[in-house]
Structures are given as C-alpha cells and as structure tokens.
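Chains as they are written, first to last, in the working numbering: chain A, 7 to 119; chain B, 437 to 1194; chain C, 178 to 315.
These aren't lab readings, by the way, just hints derived from the structure by calculation.
Think of the CB as a built atom: it goes at the ideal place given N, C-alpha and C, for glycine as much as any other residue.
Hints may contain errors.
Claimed, not checked - Only some residues are given here: those of chain A computed to face chain B with a beta carbon under 7 Å:
no., residue
1, T20
2, C21
3, G58
4, A69
5, P73
6, L80
7, I83
8, T95
Take a look at the letters that make up each chain.
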Amino acid sequence: MHFAVLTVVAVFITCGVYLLLDRTLLRVIIGLGLLSNGVNLALLASGGLGAGAAPILGHGSAAIVDPLPQALILTAIVIGFGVTALMLTLAFASYQSQLSDDLEDLHGRLDDE
Amino acid sequence: MPAVFLAAALPFVVSPVLLLFRRPDRRAGLLSAAACAGAFACFVSVALGASPATVALPWIGPLGLSFSLHADALALFFALLITGVGFLVAAFATSYLDSNENFPRFFSFLMLFTGSMLGVVLSSNLMALFVFWEMTSFSSFLLIGFWHHRERSRYGALKALVVTGGGGLAMLLGFVMVGIVCGSFEIAVLAERGALLAASPWATPAVLLIIAGVVTKSAQLPFHLWLPSAMEAPTPVSAFLHAATMVKAGLFLVARLGPLLSVVPLWTPTLALVGLLTMTWCGWLALRQKDLKALLAFSTVSQLGLILVLLAPAEPDTTAAGLLHLLNHACFKGALFLLVGVLEHELHTRDLSLMGPLRRNMPFTWLLIALAALSMAGVPPMGGFVSKELFLDHLLNGHPLLALLAVAGAVLTAAYCFALAAGLAAGRRPDGPRGQDPSLSLLLPPALLVAATIGLGFFPDQLVGAPMAAATLAATGGSVTGHFAVWHGVGPSLLASAFAISMGLALWWGWWQKRVPPAPTLVADRVYDHALEQLEAWARRLTASYMSGILWRYCSVILLTVIVGVAVVVASQGFVMQDGWSSRHAGPWDLAVCATAILAAVATLKARTRLAAILALGASGFSLALLFALSAAPDLALTQIMVETISVPLFLAVFAFLPPYQVDRVRRARPLHALLAVAAGLGTALLLAASRSQRVAEPISSYFVDKSVDAAGGHNVVNVILVDFRGLDTLGEITVLGVAAIACYAIIKLLSEKEAGR
Amino acid sequence: MNDSLILATAVRITRPVLFLFAVVLFLKGHNAPGGGFIAGLVTAVAVLLGLLVHGHGNRKTGRPTFLYVVAAGLGLALLTALAPTLLGWPFFTHSFGFIDLPLLGSVELASAALFDLGVYVVVVGNVVTVLYALTERR
C-alpha cells in the first residue's frame, strides 16, 4: 500500500509544483490545490498506513489508526479551501482591473510606482 | 503599591485614557498636568523617606533580566525635574495650543514621553533603561512630527529618530558588551565590577559605543544636527523635550555610569573634549541665528556641552556643579522656549530681525526673557552665574588650551544672550508686528521657572545644596567638598567671568549690532541628507534586483533553497531506508483509486481547456477522498468531498470571467521547472519513505487515544483533538478562515466600488 | 441558471435533507465522524445548491452580513476558551457532564461542543461570504 500512496504523493507534488511555476494564473491556482492535496496525503502516510479501524473509540478493542495526522489534515483541507477561495478572488479582481491572467503581464516592479 | 511604581506608571496609564477625550477638549491638558503633579508628589514622598525607593518585578527570568525601579537621589533629582517641568509645560500647553488642535493626541504623546523618561532615570537595569531610552526617541519622533502635514516637521522628526535611535542601538551593543564582561545588567552590581571591565579587551569598543549613544541623544558634535531640525515641534515640546529633559538623558547616563566607565581611560577625555568643542562651536553657531528657536536650539546644544564637560570626570565636585547647571539650564532654557512660544503666538514670527520694540509692547514677556537670558549669560547674581563659575573654576585648573576654549565658549554665550535680550528690547523694526502681554496662564509657568533660576542665584546652597550633595553621592559615591555660593571671593574664575561678560558685551555691541551675519547651513546636515539619499537609492536598487515581480522566479528560488538545503542535510547524514513500514497490503480498490488519482493529476497538466483542467483537479480531490475513506479516515473523506463539492462550482464561477485558456503562451520547453517539480515530488516521497524508520520518540497520538474518553468525554479522537486537546490551534485556524472571508469580501467590494465610480 | 425544473425540484428535496444531515453530523461529531468543520461544509453545500437554483434573488448585494456570522463564531469560540479563566482554570479548559433527559436518555453536555459550534459558525460564514462574493453578477 505504501508504495502506491507514495507514488500518488510524488505525482501530485510534481504536477502541483510544475503548474505553480506556470505563468497562467488559473494554472497556478490549480497547481496550489494539487500541491496541498499531495501534502495532505503525505501527512496521512507519515502516520503509517497500517491496518486498523477508524479512530472512533468504543467499538470493540480493534487497533485504530493514528488519529493525529487526521486532525492535522482536516484543518489543512479547510484552510486549503480558504486559500483557494482567496486566490480565486484575487484572480478575479486582477483580471477585472488588468484584463489579463498572464502573470508576466501582471508583474509590478518597484520602479513602476 | 509603592509610590515609585505608582508615579512611574501614572503617565503610561493616563496616556491611552487621554485618547478618549474629544478633539478640542482642553481638559486633556489639565489631566496631564494633574498626572505630572501627582507623580511629582509621589517622588517628593519618596525623597522624604516616606516610601520605599526600590520596586522589583521579575521580567525575563532565563536571561537574568528583572524589571526594577530604583529611586536613589540621582534618579529622584531627575524624576522631580521631569515631573516638575512636565507639570508647568502641560499647564502652559493647555492654554497655548489653538483650540482646533488635536489635544488628546498631543497630551497622550506627551504623557508617553514623560513615562518613558521617568523609566530611563528610574531603571536599575541596563536593558530596561535601553527600552525606555528608545521609547523617549520614539515619543520625541511623534511629538516633533505632531504637525505632520508640514514637510519640515516630518523631516525633523525622521532626522531626530534616525540619529537618536541609531545612537541608541550602538549604545545597546555597548551595554551588551559591558553586561557580558561584567556578568550582570544590574547597574548597582556593575558599579562594583569596574575592575573586570578595565581588564577586558572589550572595554574600549564598549565605551565608544556607549559614548555614541550619549552624544547622539544629547546632540553633541558631530550629531548636533538633529536638535535644530527638531524645533519644528510645537514650542511646549521644544521646552520640555529638547531643552529640559530628553536631551539630558545622555547627560544622565554619563552621571549614572560614570563611576563604572571612567575606569576606561578613554571615557573622560573623549567626553570632555567633545563637550568643550560643542560648547564653543555651537555657541558660535547660535550667535549667527536670526530664528529665535534656532538660536535657542544651538544654545541648548552648547550648554549641554558645558554640562557634559563637568559630568565627564565622575568626580564629586564637578558632578555637583554639572547637576546644578543642568537644573539651572532646565529652568532658564525651559522658560526661554516657553516665552519664545508666547512671542510666536502673539507676533506670528520668530525672526529676530523682524521684531518690533518689545520692551514697550510686551513689557512682562520681555522682562522674563531678559532675566532668563542674563542667567544663561552667567551674570551675577543669577543662578547661571553660580554654576558657570564652578565650570570656569574647573577648567582654569586644567590644560591652558582647554581653558582658552572654555573662556571662548563663555564669551560667545554671553554675546548671544545679550543679542537676545537687548535685540528684543528695542526691536530692529520700530514698525514691526505689535502684540500684548498674554494672559496669566501663559506667563505664569515661565515666570515660575525664571523665579527658580533667580532663587538658585541668591540661595543656591540653602535651596538645593543638600539634594545635590545626595545626588552626587549616589552618582559618584563621593562627597562634595565645597558648597554652592554666589560669592566665592575674587579669584581666577571671577576674573574669567568678568572677562567673558565684558567681551560678550563688546562682541554684541561692536559686531553683532552692526551686521547680523547670515545663518550658515550645517555641514553635518549636508552629510546627513546625502547619506540618506544614497542609502535610499542603494536600497531601492538592491530590492529591485531581486524583486522581479514574477511569481515563478520567487517560487523557483524558494523551492531551490529548500531542495538544496534538504539535499545537503541528507548527503551529510546519510540516507537510511529501513523497512519501518507496517503498511497493510494494497487491495484492488486501493490500486484503482491510486491510479485514478495519478491520472487526474496528470490530466491537470495536459488539459487543453479550462473546464477540463478544473474538472481534473476536482477528480484528483475526489479520488483523494476515496483514498481517505479506504485508509480508515471517515472524517477526512467527508471533509474532502464537501470541499471539492464547493470548490468546483467556485472555480467555474470565476472562470466565466477569464480570457481563453492558454496552456503554453510561448511554446518553449521549461526544463528547469520540470526538474524542480520532479525533485520536489520525488524528494518528498523519498523523505517520507525514510521518515518512518527515523522515529526517535514515541508518538504523542497514544496519549490522545488513551485520554480521549476519560478526559474529554468524546469517542471520535479526531474531533476531540480538534476541539479539545489542540483547541488553541483550531482557534488560530478559524481565525485564518475569518481573515480570508474578510479579504475576499473586501477585494470584491473595492472592485465593485471602483467600477461604480468609473 | 434557474431554468431547470428538474434541478429546482431536486434541490427543493435535497436542501432540507442536507440541513438535517448537517445537524446530525454536528451533534454526533464528538463520538462519531462529523463535527463543526464537516457540518459547516455540509451546510454551505446546501446554501450553494440554493444559490445554483435561485441565484441571488432580490438579496441586496454588497452587505457584509455573513462577515458578522464569522465574527459571531470567532467570538463564541474565543469566549468558550476564555470562560474557564474566570473560574481560575487554565485557558481552554473544557469540561463535560451527562444529564438524563426523558425520551433521549443520557445526553452529554460538553463545553467543547460550544467551541465546536463556534467552528461551525465560522466555517459557514466563511464559505457563504466567499460564495456570495464570487458569484455576484454586476
């Protein structure tokens, strides 16, 4: 199992970083989403991918999986949503005011002020 | 609560309260004056021994720092001076400021300064002293820039902050050196460890750095440039900060640390020479000013030099003389500033060459100015005479060249004092602006200060002899041998005084009267302006060289740094990948979901349309949710599904506004990006694989699992961690969500307002 | 957006179910999968569905209504965390107990649930603010 999951992590992060370095704004945002998905999965894997029940106590004495990464990931997912929403808003606003989604058109320099 | 602590805290408590007043409310000034009076009363009770002089509060224990106040006689002398002058200035400013000024802000800043200044003199610890020291610089910045709509005010405020703040930082470095060498930051402990300092190679740099703090704060050569620019402040501020108190913080430090630092041979001669040169040179500059406030500013710098000469040797007799002149100066210079403020208020000019005959128009104002100026000139029987005699006495016993400089300084001082008093009496323009003596509320505070300096002339020993002796004992550990008196008999110093006064009179009558020389521009000013300009240009160039404004460059640099950093660590530590994994066997469902996730991720790269790219991202998210579900994480699966359900429509809502999707605007290979991406992805996976075999401690999760039901009453451990064990983290996270919501709302709102306005 | 009868009907049925589901997820959250975050997101999905069908309707745009919701949630969470300090306990001390109610049996009352309610409210406020901000038609 761990080999399959690690492969998914590697592919998610590779694709995410590649998109993050793009010059089209939407692709950057998609890249960021992919990257955070990959990191969330990496966190889960760091807790081990052993056999076990969900971390709900009181259902017999079966071993349960590590709950801590799950708590971390849960908030990370929601924060990731907040980040995505903010990025989308910025993309929307910058397109509305600059009429471009090309980051190399949008860049501002210190001298331009 | 001890009175010392109460008095020191009072201004800090009053400062924010004042901001609650409405703008044109003069009661803000009355409250400030009351706070100063209250603090003054507390210090009097301490001085009379009715209240303990020391308060200690623990501050940063591990660093050996405590926050303690210690009101010995020296500190009390300064504290009484600060609160006493503060009371008069606050009372004066209450009726002086125009009714449309922002009273709450002005007095709030003034109280902030008062508290900081009290902190400087009362701190018994070098680090606490430094903090308050910088706070006085900061509050001085706020007060100089009080009329922030004026360009000159902003310039002066910045200059004062740069010079005194910079000097303060140098001083901090010196303090740290002294503290490390002597093993303590407590001033009382340090005083006994002078031998340790003297033996250390760090002594010279430390002393030089502390001297930098002293000369910048007290505006000595070559840092005298900031004080004339600081005259853009409202006049009560000039009287309080830039004549009576803040500029004397440097002198206070010399008196306080003198016994410790004078073991280093450099300390006394450097300070004495700087003081003497400043006194003479700035006396010369003062003589050439037409602007009354500029004249007073240079004269202040010059007088501070005089006091510095007296305090530098850290010997009882000179220290007592220095403290007496410091008190005299606070009285006559504070009064002069307030009276010049009155002139400006009545005549709307401060130009000496434009004044009408003041003796006829404003007799009381003129009389007070003349008396204060005579005291500054050292004419008997004023207070200034007593302390200047002691100064000349001290210098005449020294090197002849130094004595000559001192006498020259005294001559110049007398000359500009006569120019001030007599120049205003007749006025240069008989048809100049006319005014009337102001109300009593404006005349009383300077009149009290003038009365004090006259009293110090007639009864110096009776009035302040005992407190000065006590302060000197506290500062130097030695007793004063002589006592203050207006008449010492005929001696060299009296002859020097007579010579200085008559030469000053001659200089004023024979030269100044005929031709008012032009006000020179300071060399130091030009250096400062040029240096600041160069620094800004350099900073701009430097920033522009790496702030390209192009996102992928920033990201590449960040990624490259992380990848190289991790690679270096891995290369040096070795990479062990033992089988630390107890992962369950992957079933067909697992493999299918993983394959889907990989396909979806690759599809985001390859998508030709925006819709396809968004759907591919959604697909990767949903397959991740399935993976969570298969890995016994139902909470995560639910959350992920919900987030994807909301995100995909959000993306679609925004994408309607964006231009056609372009996969590669310029068809070019991006091998660097691909390399970085692969390194990041592969590196993460490898580190993750290795991390399982690198456990050095038992995971904390087992604690959470054990305690979940008993301590938190919940069976869903994930939820219990979120809301109970790690509740503070969650609070932070929902705060982030709140901020994100505000940001989204604000951006859209601004955008629609801009469009509506278009 | 509001021309699909099938969608409108489906949403009319789905929305109450989703709201109910959110309530159940929230109440069960301490002992079963669920909790403030998830329940908040489910509620937001229900709001989104309404938005898909009905659009903004005649709701006045540009009002920061849901920012107040966010503020209320944050305030509730913060107060829950601060309340124990008034009793001299450390910041963030939670307590819980059980009471017997007719029909429902033993019911757990936990201060952590109040904190979770704050989380729920913030999540709903955040998502709805973003949804309204980005889907507004000018």
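Hint status (Cβ of G58/A to nearest Cβ of chain B, threshold 7 Å): holds, 6 Å
Evaluation of the interface hint that places C21/A against chain B, nearest CB under 7 Å: Interface hint status for C21/A: holds (4 Å vs cutoff 7 Å).
Satisfaction of the A69/A interface hint, Cβ to chain B closer than 7 Å: It is violated, given that the least Cβ distance between A69/A and chain B is near 10 Å, above 7 Å.
Agreement of hint T95/A with chain B interface, Cβ distance less than 7 Å: holds, 4 Å
Cut-off 7 Å, beta-carbon criterion: hint that I83/A touches chain B: holds, 5 Å
Given hint T20/A near chain B, where the shortest CB pair must fall under 7 Å: holds, 3 Å
Interface hint for L80/A, Cβ within 7 Å of any Cβ on chain B: Constraint on L80/A satisfied, holds at 6 Å.
Chain B contact restraint on P73/A - CB to CB distance below 7 Å: Check passed: Cβ of P73/A comes within 4 Å of chain B, closer than 7 Å.
Hint check: a violation occurs at hint 4 only; the rest are consistent with the structure.
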